[in-house]
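Student: Protein sequence lines, in the order shown, are assigned to chains L and Z.
If you're matching positions, the first sequence starts at 1 in this note's numbering and goes up one per residue.
If you're matching positions, the second sequence starts at 188 in this note's numbering and goes up one per residue.
It is possible that some hints are incorrect.
As the list claims (entries may be wrong) - Keeping only pairs whose Cα atoms sit at most 20 Å apart, straight-line, the calculated EDC-like set for lysine to aspartate or glutamate is: (1) LYS32/L <-> GLU226/Z; (2) LYS149/L <-> ASP8/L; (3) LYS176/L <-> GLU202/Z; (4) LYS90/L <-> ASP50/L; (5) LYS149/L <-> ASP197/Z; (6) LYS176/L <-> GLU242/Z; (7) LYS176/L <-> GLU226/Z; (8) LYS165/L <-> GLU333/Z; (9) LYS176/L <-> GLU224/Z; (10) LYS176/L <-> GLU220/Z; (11) LYS32/L <-> GLU242/Z; (12) LYS58/L <-> GLU155/L; (13) LYS149/L <-> ASP194/Z; (14) LYS165/L <-> GLU224/Z; (15) LYS176/L <-> ASP194/Z; (16) LYS165/L <-> GLU151/L; (17) LYS149/L <-> GLU242/Z; (18) LYS65/L <-> ASP10/L; (19) LYS165/L <-> GLU135/L; (20) LYS149/L <-> GLU207/Z; (21) LYS165/L <-> GLU241/Z; (22) LYS65/L <-> GLU7/L; (23) LYS32/L <-> ASP240/Z; (24) LYS149/L <-> GLU202/Z; (25) LYS149/L <-> ASP68/L; (26) LYS58/L <-> GLU21/L; (27) LYS165/L <-> GLU207/Z; (28) LYS176/L <-> GLU206/Z; (29) LYS58/L <-> ASP19/L; (30) LYS176/L <-> GLU359/Z; (31) LYS345/Z <-> GLU333/Z; (32) LYS165/L <-> ASP197/Z; (33) LYS149/L <-> GLU232/Z; (34) LYS165/L <-> GLU202/Z; (35) LYS90/L <-> ASP54/L.
Everything labelled a hint here was simulated from the structure, so no lab data went into it.
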Amino acid sequence: MIFRAVEDADLIGKARRGDVEAYNLLISRWEKRVYNYLLRIVGNREDALDLSQDVFLKAYQNLRKLEDPGRFVAWLFRIAHNEAYSLFRKRRPELDGDGPAEEPSEAGIPVAGSSVFPLELTLSVTSALDRLSPEQREAVILKIYQGFKFEEMAEILSCPVSTVKSRLYTALDLLKGELAPVKARGV
Amino acid sequence: MSCSPFDVRDYVLRELTGEERRQMESHLKGCSECREEAERLRLTEAALLTLRDEEIPQRIGFVSDKVFEPSPLARWWQALWGSAARLGFASAAMLSVAIVVAALSRPAPAPPAMSRTELARLETQFQARLNQAVQQAVAESEARQEQKTRELLAATEKRYEMERQTLMLQVEENLEFLQKRFNAARMMASAQIGAAR
Numbered sequence: 001m002i003f004r005a006v007e008d009a010d011l012i013g014k015a016r017r018g019d020v021e022a023y024n025l026l027i028s029r030w031e032k033r034v035y036n037y038l039l040r041i042v043g044n045r046e047d048a049l050d051l052s053q054d055v056f057l058k059a060y061q062n063l064r065k066l067e068d069p070g071r072f073v074a075w076l077f078r079i080a081h082n083e084a085y086s087l088f089r090k091r092r093p094e095l096d097g098d099g100p101a102e103e104p105s106e107a108g109i110p111v112a113g114s115s116v117f118p119l120e121l122t123l124s125v126t127s128a129l130d131r132l133s134p135e136q137r138e139a140v141i142l143k144i145y146q147g148f149k150f151e152e153m154a155e156i157l158s159c160p161v162s163t164v165k166s167r168l169y170t171a172l173d174l175l176k177g178e179l180a181p182v183k184a185r186g187v
Numbered sequence: 188m189s190c191s192p193f194d195v196r197d198y199v200l201r202e203l204t205g206e207e208r209r210q211m212e213s214h215l216k217g218c219s220e221c222r223e224e225a226e227r228l229r230l231t232e233a234a235l236l237t238l239r240d241e242e243i244p245q246r247i248g249f250v251s252d253k254v255f256e257p258s259p260l261a262r263w264w265q266a267l268w269g270s271a272a273r274l275g276f277a278s279a280a281m282l283s284v285a286i287v288v289a290a291l292s293r294p295a296p297a298p299p300a301m302s303r304t305e306l307a308r309l310e311t312q313f314q315a316r317l318n319q320a321v322q323q324a325v326a327e328s329e330a331r332q333e334q335k336t337r338e339l340l341a342a343t344e345k346r347y348e349m350e351r352q353t354l355m356l357q358v359e360e361n362l363e364f365l366q367k368r369f370n371a372a373r374m375m376a377s378a379q380i381g382a383a384r
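The following block holds chain Z by itself, in its conformation from the complex:
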């Protein structure tokens, strides 16, 4: 055994690295003593493995039991500190709550005192502005509608013109074709008359 680069038992028990195994296999090819030792160890292992594992007679399982489980508060606390995402979310939530509380707790400014005439004047101004805004919106809408109508009309005229030109072209082509056929027929007729004479 002393002649081998590694312990034969480590080799048989699969405790050597890939490179060590390769060296060992190379050695075993040329050393009958180590080869015999490895063979005996393999036979021993094979004999031991003839004793098979048994099936467990009764499956083990647990049901949820408060005695063995951490309390919900402890679980929540642990989960909170165990997750960076949750911790970040909790921080953001706390910051939001702080902002809302600060906003609600700030006293609102008192409304300024206002006379009846001032109120009436403001109401008139508001009504005038509202009317002006409505008129402007209606005018803009009418202008948009008019523009759209003009565009549609132009597009229709253009399409009509294109269709007309296409039709004219087809007529011209047909006429040319018929003219050619007529010429060909006339030439054939002249040729036939000449031959008959």
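Just chain L, same shape as in the assembly:
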């Protein structure tokens, strides 16, 4: 991960000097992660792809504003988070900008893909995630699926670490109750 960050910094330096190919290489490293993060947030493949393209375009246009290239990934996901919430606000103008609707989207936010696990388990997990609030769900996505540290999550979500932990711990307690109940473990 450290080597990757070093290489990213090199590519960022080249992209800042106008090297589009270096930026395309940077995209190829992160596009899958950004796409899956957005897919789990917005629950729609088409929107997730459109948003991913917007994210990388905005990142390119603002690359010079990135003060520390070592924090590129958190900065990139911050843009992705903002783009997703922008979309929610456009689709649901009645929202005051605090986030998407509580009810899950029609496509279902988690993505089963070509899972090798039993369908029942996939459905249980999807259903459990759907019952979380959007903030709790995003905290789980950033931590469990994207592997960010609490400090990075706080940077992406623009909130204190204590808030991040509170959302994540509440979500984990709820998920644990459904996916690993005390008397029926071995999901």
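Add chain Z to chain L, keeping to what the hints say.
Tutor: Frame of chain L, contents of chain Z only:
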């Protein structure tokens, strides 16, 4: 959970430092309640991770577009100020240009007026000096050549003398060897004659 030194969730989510993890693992060995909590959290995480990432349906890529790129002048300016080496090179180049401009802009001194006789005298002097220099160069060259010949001759004589001495030594050795063989043969013959008698 209150009995554990750190939050079990932080432990399972890999947010503890190495030392904190070791303390936590030590605690879990002796606390079945915390151990069960950690196990449930691990099962929850494992269940969540059964949802795999999808491949992106279409690769994202950009082509070079002037709309999104800074102008060449802006790029050059930024690159210049962004690199100490380039800035130093530019400073040196500017200083060189300033020196050249100053040298070219200074008026050259006017040549002094010179009479024909003076010119002829200078030409004669120049020719004499040239002849003298050529003669000196030829003499030096001949002297060098002579010296080299002498050195070669001396080296050849020395080598010849060494070869001659070596040859003489070999002859002496061969002669001595033959003398010894002759003596040995003579002694054997005397011994045989004595025995026959």
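Student: Determine for every hint whether it applies to the structure shown.
Tutor: Hint by hint, here is what the structure shows:
1. Our distance criterion of 20 Å between C-alpha atoms is broken by LYS32/L and GLU226/Z, whose separation comes to about 30 Å.
2. For the hint pairing LYS149/L with ASP8/L, the CA-to-CA distance comes to about 19 Å; that is within 20 Å, so the pair holds.
3. Under the criterion of a C-alpha separation no larger than 20 Å, the hint pairing LYS176/L with GLU202/Z is consistent with the structure, at around 19 Å.
4. For the suggested pair LYS90/L and ASP50/L, the alpha carbons sit about 14 Å apart, so the restraint of at most 20 Å is met.
5. For a cut-off of 20 Å, the pair hint linking LYS149/L to ASP197/Z stands: about 11 Å separates their Cα positions.
6. This hinted pair does not check out: LYS176/L and GLU242/Z have alpha carbons roughly 28 Å apart, beyond 20 Å.
7. Among the hinted pairs, LYS176/L with GLU226/Z is consistent with the structure: their alpha-carbon atoms are about 10 Å apart, no more than 20 Å.
8. At roughly 98 Å between alpha-carbon atoms, LYS165/L and GLU333/Z are farther apart than 20 Å, so this suggested pair is violated.
9. The hinted pair formed by LYS176/L and GLU224/Z meets the criterion: a straight-line CA distance of about 10 Å does not exceed 20 Å.
10. Pair hint LYS176/L plus GLU220/Z holds up; C-alpha atoms about 15 Å apart against a cutoff of 20 Å.
11. For the proposed pair LYS32/L and GLU242/Z, the alpha carbon gap of about 6 Å is at most 20 Å, so the pair holds.
12. For a cut-off of 20 Å, the pair hint linking LYS58/L to GLU155/L stands: about 18 Å separates their Cα positions.
13. With a C-alpha separation of about 15 Å, the suggested pairing of LYS149/L with ASP194/Z holds against the 20 Å cut-off.
14. Between the alpha carbons of LYS165/L and GLU224/Z the distance comes to roughly 17 Å, so the proposed pair stays at or under 20 Å and holds.
15. Annotation: proposed proximity of LYS176/L to ASP194/Z holds, straight-line Cα distance about 16 Å (limit 20 Å).
16. For the hint pairing LYS165/L with GLU151/L, the CA-to-CA distance comes to about 10 Å; that is within 20 Å, so the pair holds.
17. For the given pair, LYS149/L sits about 24 Å from GLU242/Z by alpha-carbon distance, which is inconsistent with the 20 Å threshold.
18. About 16 Å separates the Cα atoms of LYS65/L and ASP10/L, which keeps this hinted pair within 20 Å; it holds.
19. The hinted pair formed by LYS165/L and GLU135/L meets the criterion: a straight-line CA distance of about 11 Å does not exceed 20 Å.
20. Distance check on the hinted pair: LYS149/L and GLU207/Z sit about 16 Å apart at the alpha-carbon level, within 20 Å; holds.
21. Simply put, LYS165/L and GLU241/Z have alpha-carbon atoms about 27 Å apart, too far for the 20 Å limit, and the pair is violated.
22. Distance check on the hinted pair: LYS65/L and GLU7/L sit about 19 Å apart at the alpha-carbon level, within 20 Å; holds.
23. Taking the CA atoms of LYS32/L and ASP240/Z, the gap is near 8 Å; set against the 20 Å cutoff, the hint holds.
24. A C-alpha spacing of about 7 Å is found between LYS149/L and GLU202/Z, which places the hinted pair at or below 20 Å, so the restraint holds.
25. For a cut-off of 20 Å, the pair hint linking LYS149/L to ASP68/L stands: about 17 Å separates their Cα positions.
26. Taking the CA atoms of LYS58/L and GLU21/L, the gap is about 16 Å. The hint holds against a cut of 20 Å.
27. Taken as a hint, the LYS165/L and GLU207/Z pair is honoured in the structure, with Cα atoms around 18 Å apart against an allowance of 20 Å.
28. Taking the CA atoms of LYS176/L and GLU206/Z, the gap is about 27 Å. The hint is violated against a cut of 20 Å.
29. Between LYS58/L and ASP19/L the CA atoms are separated by roughly 16 Å; this keeps the pair inside 20 Å, and the hint holds.
30. The straight-line distance between the Cα atoms of LYS176/L and GLU359/Z is roughly 110 Å, outside the 20 Å bound, and the hint therefore fails.
31. Distance hint between LYS345/Z and GLU333/Z is fulfilled; the C-alpha atoms sit about 18 Å from each other, no more than 20 Å.
32. Note on LYS165/L and ASP197/Z: the hinted pairing holds, with a Cα-Cα distance of about 9 Å set against a maximum of 20 Å.
33. Between the alpha carbons of LYS149/L and GLU232/Z the distance comes to roughly 16 Å, so the proposed pair stays at or under 20 Å and holds.
34. Restraint check: the Cα-Cα separation between LYS165/L and GLU202/Z comes to about 11 Å, which is no more than 20 Å; the hinted pair holds.
35. A distance of roughly 15 Å separates the Cα atoms of LYS90/L and ASP54/L; the hinted pair therefore holds under the 20 Å criterion.
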